[in-house]
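Trainee: Sequence:
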Amino acid sequence: MRKFRYLLYKDYLLLKRDIAGLLLMFLMPAVLVVLMTLLQESTYRVLKDASVPLLLVNKDEGDLGRAIEEEIELSGIFKIDRDIKGVVPTQEQLEREVAGSRYTLGIFIPENTTETIRKNVVKYVVTAFSGAEELPALDSVEFVIFVDPTTKVSFYSYIVSTLKERTQKIEFEYILKEVTKQVNNISPIPISSAGFSGDQVVVDIRSARLLGKNMVPNPVQHNVPAWSLFAVFFIIISLSGSIIREREEGSFSRLLTMPCSYTEYLLSKAVVFLVVTLLQFGLMLLIGIFVLPWFGLESLNLGSSPLALILLALSASVAAIGYGIAIGNIANTFHQSSVFGAISVVIMAAIGGVWVPTFVMSETLRQISKLSPMYWGLSGFLDVFLLDAGVKAILPECLAMLFFGLVCFAIAVIFNYRRRLDV
Numbered sequence: 044m045r046k047f048r049y050l051l052y053k054d055y056l057l058l059k060r061d062i063a064g065l066l067l068m069f070l071m072p073a074v075l076v077v078l079m080t081l082l083q084e085s086t087y088r089v090l091k092d093a094s095v096p097l098l099l100v101n102k103d104e105g106d107l108g109r110a111i112e113e114e115i116e117l118s119g120i121f122k123i124d125r126d127i128k129g130v131v132p133t134q135e136q137l138e139r140e141v142a143g144s145r146y147t148l149g150i151f152i153p154e155n156t157t158e159t160i161r162k163n164v165v166k167y168v169v170t171a172f173s174g175a176e177e178l179p180a181l182d183s184v185e186f187v188i189f190v191d192p193t194t195k196v197s198f199y200s201y202i203v204s205t206l207k208e209r210t211q212k213i214e215f216e217y218i219l220k221e222v223t224k225q226v227n228n229i230s231p232i233p234i235s236s237a238g239f240s241g242d243q244v245v246v247d248i249r250s251a252r253l254l255g256k257n258m259v260p261n262p263v264q265h266n267v268p269a270w271s272l273f274a275v276f277f278i279i280i281s282l283s284g285s286i287i288r289e290r291e292e293g294s295f296s297r298l299l300t301m302p303c304s305y306t307e308y309l310l311s312k313a314v315v316f317l318v319v320t321l322l323q324f325g326l327m328l329l330i331g332i333f334v335l336p337w338f339g340l341e342s343l344n345l346g347s348s349p350l351a352l353i354l355l356a357l358s359a360s361v362a363a364i365g366y367g368i369a370i371g372n373i374a375n376t377f378h379q380s381s382v383f384g385a386i387s388v389v390i391m392a393a394i395g396g397v398w399v400p401t402f403v404m405s406e407t408l409r410q411i412s413k414l415s416p417m418y419w420g421l422s423g424f425l426d427v428f429l430l431d432a433g434v435k436a437i438l439p440e441c442l443a444m445l446f447f448g449l450v451c452f453a454i455a456v457i458f459n460y461r462r463r464l465d466v
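Numbering (my numbering) for the sequence shown: 44 to 466.
Source of the hints: derived by calculation from the structure; they are not laboratory data. Since the model is a prediction, treat every value here as computed from it, not as a measurement. Misleading hints may appear alongside valid ones.
To be verified - DSSO-like mimics (lysine-lysine), calculated; alpha carbons at most 30 Å apart, straight line: (1) 122 with 212; (2) 102 with 166; (3) 102 with 128; (4) 122 with 162; (5) 102 with 212; (6) 166 with 128; (7) 220 with 207; (8) 46 with 59; (9) 207 with 162; (10) 102 with 162; (11) 212 with 224; (12) 166 with 212; (13) 224 with 162; (14) 122 with 207; (15) 220 with 102; (16) 207 with 224; (17) 122 with 102; (18) 207 with 166; (19) 435 with 413; (20) 102 with 207; (21) 212 with 162; (22) 224 with 166.
As the list claims (entries may be wrong) - Computed Cβ-Cβ distance ranges for the label pairs, DEER-style: (23) 81 with 142: 34 to 40 Å; (24) 143 with 63: 52 to 58 Å; (25) 387 with 185: 34 to 40 Å; (26) 406 with 200: 16 to 22 Å; (27) 382 with 462: 16 to 22 Å; (28) 292 with 45: 20 to 26 Å; (29) 214 with 442: 56 to 62 Å; (30) 389 with 347: 30 to 36 Å; (31) 204 with 393: 46 to 52 Å; (32) 74 with 414: 26 to 32 Å; (33) 393 with 104: 50 to 56 Å.
Even for Gly, the Cβ is constructed at its ideal location relative to N, Cα and C.
Could you put the whole structure together from the sequences, leaning on the hints where they help?
Mentor: As structure tokens, then:
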């Protein structure tokens, strides 16, 4: 135990001498979490408050035109104009306005649209009840949508689906009324369509919740754990570098003259860097709780299981430390370890949902992201923050990170053994 304390003190002194590197371990993630959260909050706000400019010319004075207008207004997506400087534009003027990029979308609803649909329904139903084999020719109704070439498909797809849905609903109502009228003409017992509509099926879309908690992560809930994990894994540059420097300078060989095992040598480094990573986690959580609200952001809610947070932090630290030790033993030079370590951490962060949340990724990328240890850690933290998950719920993620760290540690021991045999 005394030898191990000396090893701990040695690693503490090595870390203490690199003040610049130590400060970077804490300042870099602190700055990143503030900047990235502010940037994402701005983006979320722009998307949330976005008003796509839309020029709507409704020449129809019936139910369909009014229903389409109401539906578009209720969407909250569009900023609707109905005229240009007090003058209702023609279809040609509408096209020019959209072509000039003054509006993203332009919708033209022709005159007598509702009346045309009503007459078509009457023709169809009367012909059907008369027993005629040939159906009458029906007048067509043409909505015109002008689209800016840069417009997202989702915007005008929404408009098209709205037009179709409202048109079908109006057609259904008119068909129901006309069929009722025709039946009453031939039936001794009158029937009524009152109280019957196409709204019996109601789709209730809800965000899944547990114990009243909001299930949609805000920028604070995503970025604080994400950049905490990035910071923890970034210590591999310092950790692997210290292993390589000791090996190159010969101090590692002198240490082995002491009656201590290589495992003890690695464990002393692991303990020292474990303290560093836990301090990083603590700093980032404090920033989420106290600093980010200064910028008008929400304060981080830590959930109801501190033990789950501690277990996640420990597991992520073990994974990062094990990875750093493995790189330090596999790489032959400090340059190799620093370049490979930095690139691999950036890749793990990119696919693990640190930079871009996984819910906006494609299905293929979401499956690939599950290979990243940062994804495991981030999933666990989000479960705690959003689901009030306890220790049992986050055990799979913790076990995966612990297993990853232990495998890396074993790889480091094997590579060191092979290197000593080659000497």
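Trainee: Find the hints from earlier in the document that the structure breaks and name them by number, from lowest to highest.
Mentor: Violated hints (numbers, rising): 4, 6, 25 and 31; every other hint is consistent with the structure.
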